[in-house]
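Since chain A is already given, all that's left is putting chains B and C on it; use the hints.
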Amino acid sequence: MSAIENRLSDLGITLPEPPRPVASYLPAVQSGHLLMVSGQIPFEDGVLVANGPVPSKVSIDGATAAARRCAINGLAVAKAALDGDLGRIRRVVRLGVFVQCDPGFDAQPSVANGASDFMVAVFGDAGRHVRAAVGVNALPLDATVEVEFIFEVA
Amino acid sequence: MSAIENRLSDLGITLPEPPRPVASYLPAVQSGHLLMVSGQIPFEDGVLVANGPVPSKVSIDGATAAARRCAINGLAVAKAALDGDLGRIRRVVRLGVFVQCDPGFDAQPSVANGASDFMVAVFGDAGRHVRAAVGVNALPLDATVEVEFIFEVA
Amino acid sequence: MSAIENRLSDLGITLPEPPRPVASYLPAVQSGHLLMVSGQIPFEDGVLVANGPVPSKVSIDGATAAARRCAINGLAVAKAALDGDLGRIRRVVRLGVFVQCDPGFDAQPSVANGASDFMVAVFGDAGRHVRAAVGVNALPLDATVEVEFIFEVA
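Residue numbers (numbering that gives the first Met the number 0), protein chains in the order written: chain A, 0 to 153; chain B, 0 to 153; chain C, 0 to 153.
Please note that a few of the clues may not be correct.
[Claimed, not checked] Covered by chain A, per the in silico footprint, the following chain C stretches (three or more residues, Cβ under 8 Å):
id, region
1, 36-50
2, 128-138
[As the list claims (entries may be wrong)] Derived lysine to aspartate or glutamate pairs resembling EDC-like cross-links, with alpha carbons at most 20 Å apart:
id, chain 1, residue 1, chain 2, residue 2
3, A, Lys78, A, Asp116
4, B, Lys56, B, Asp141
5, A, Lys56, A, Asp105
6, C, Lys56, C, Asp141
7, B, Lys78, B, Glu4
8, C, Lys78, C, Glu16
9, C, Lys78, C, Glu43
10, B, Lys56, C, Asp105
11, C, Lys56, A, Asp105
12, C, Lys56, C, Glu43
13, C, Lys78, C, Glu4
14, C, Lys56, A, Asp101
15, A, Lys56, B, Asp101
16, B, Lys56, C, Asp101
17, A, Lys78, A, Glu4
18, B, Lys78, B, Glu43
19, A, Lys56, B, Asp105
20, A, Lys56, A, Asp141
These are computed hints drawn from the structure, not numbers from a lab. This structure is a prediction, so every number in the text was calculated from the model and none was measured. Just so you know, even glycine gets a beta-carbon here, dropped at the ideal spot from N, CA and C.
Okay, chain A solo, but in the shape it has when bound (with noise of 0.2 Å):
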């Protein structure tokens, strides 16, 4: 079992399997030593955690744990891109993170953290990433985040 795996078992995680896109399109692609995951929406069990806008509908706190499960997830579609080896990933490039929001609110960085401390949970400082995090009006099946990923993979 990988260090990856360890840490993942140390937190109490279990990667799903992986979530099927919801669409005609990938789960990941690997071009060159980059590996990108498609946006994942919050699904945990087949059900989405968290559905609307923040903050009328999900609370900053459900919204923060929804984009957790995102990565969560996204972290399970890249060890399947991977034929199960997370010891390939080097390490974390780049989060993209949309929340679905009420106009003018303003702690997308709050919310994003839920994917983005994840990542550094699980891999150090190699789960350190640089992210663009902003709010958007409407997300597919009316998710609450959806977050998008590119791993360098070896």
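Below, chains B and C without anything else, positioned relative to chain A:
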């Protein structure tokens, strides 16, 4: 004529003159094996095929057709950047799809399929890609859809 | 002093201390020859130069100046990541521009030119890039504009 040109011909598609950027940037930039294409809006013969948000002003079907148009324009841009040789495209890597919509609209994946399905129709398995599809409250020139692209090229 | 530093001096621009990320992520990550810079908001001397949506709270001119400020900050981040040597930047590859705006606002390209024109003023042809410019209903700290960057570096 390349296999891809034949496929476009079979599909009855004539790539347009690539739309000119509406501002001070380039239609495409290659770095290493990645060819990045600027966000395309659904111009056809100089006119946008869809304006305004989904669903209050534009139907899902109309927006899906607009997303397909963006993909046609993106491929036209790529062709020009590759000196006319679509055979240099190894695969489609990523689409970024922005759908202008009303709050709470949740069918961005259906709309984005207009672009994704086009790429698969043209390139087969090499047309499959990762994707982020999100809703936004406004787009350039009031376009209904904007799509940006990353291709892997030889 | 590099040619680029001279050019900045000619333009009367002093790069600031790079703004610190407002959350748990990195300002910049290099993978291969790509240097990615996190989404920048228009801080100047620790204060945002523009808050709220275009055009109800901020004019197009104000937002355009804010986009330019984001670009200055992005370049400051890149310089720090390159150990102070802007001469290592081969070209600007991509800008991702998010404009906080009211529904139906359609001049995102004009606003984004504040960032794009800055890059061309500094780098000349090597400053030209691909771009996605979109409207959103909310941004971190209520900033009017957020811009992320990809540079190609030696």
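Outcome of the hint check:
1. For the region 36-50 of chain C, the stated coverage by chain A is satisfied: 3 residues place a CB nearer than 8 Å to a CB of that chain, which reaches the threshold of 3.
2. For a cut-off of 8 Å, the count of residues in the region 128-138 of chain C with a CB near a CB of chain A stands at 4, and the three-residue condition holds.
3. Distance restraint check for Lys78/A and Asp116/A: the Cα-Cα separation of roughly 19 Å lies within the 20 Å cut-off, and the hinted pair is therefore satisfied.
4. Proximity of Lys56/B to Asp141/B is assessed by CA-CA distance (about 11 Å); at most 20 Å being required, the pair is judged to hold.
5. Among the hinted pairs, Lys56/A with Asp105/A is consistent with the structure: their alpha-carbon atoms are about 15 Å apart, no more than 20 Å.
6. Proximity of Lys56/C to Asp141/C is assessed by CA-CA distance (about 11 Å); at most 20 Å being required, the pair is judged to hold.
7. Annotation: proposed proximity of Lys78/B to Glu4/B holds, straight-line Cα distance about 10 Å (limit 20 Å).
8. A distance of roughly 10 Å separates the Cα atoms of Lys78/C and Glu16/C; the hinted pair therefore holds under the 20 Å criterion.
9. Between Lys78/C and Glu43/C the alpha-carbon distance is near 17 Å, which keeps this suggested pair within the 20 Å criterion.
10. For the proposed pair Lys56/B and Asp105/C, the alpha carbon gap of about 15 Å is at most 20 Å, so the pair holds.
11. For a cut-off of 20 Å, the pair hint linking Lys56/C to Asp105/A stands: about 15 Å separates their Cα positions.
12. Between the alpha carbons of Lys56/C and Glu43/C the distance comes to roughly 19 Å, so the proposed pair stays at or under 20 Å and holds.
13. Between Lys78/C and Glu4/C the alpha-carbon distance is near 10 Å, which keeps this suggested pair within the 20 Å criterion.
14. Only pairs whose Cα atoms come within 20 Å are accepted, and Lys56/C paired with Asp101/A is accepted, the gap being roughly 16 Å.
15. Simply put, Lys56/A and Asp101/B have alpha-carbon atoms about 16 Å apart, close enough for the 20 Å limit, and the pair holds.
16. With a C-alpha separation of about 16 Å, the suggested pairing of Lys56/B with Asp101/C holds against the 20 Å cut-off.
17. Of the supplied pair hints, the one linking Lys78/A and Glu4/A holds, its CA atoms being roughly 10 Å apart against a limit of 20 Å.
18. Proposed proximity of Lys78/B and Glu43/B is supported: the alpha carbons are some 17 Å apart, at most 20 Å.
19. Taking the CA atoms of Lys56/A and Asp105/B, the gap is near 15 Å; set against the 20 Å cutoff, the hint holds.
20. This hinted pair checks out: Lys56/A and Asp141/A have alpha carbons roughly 11 Å apart, not beyond 20 Å.
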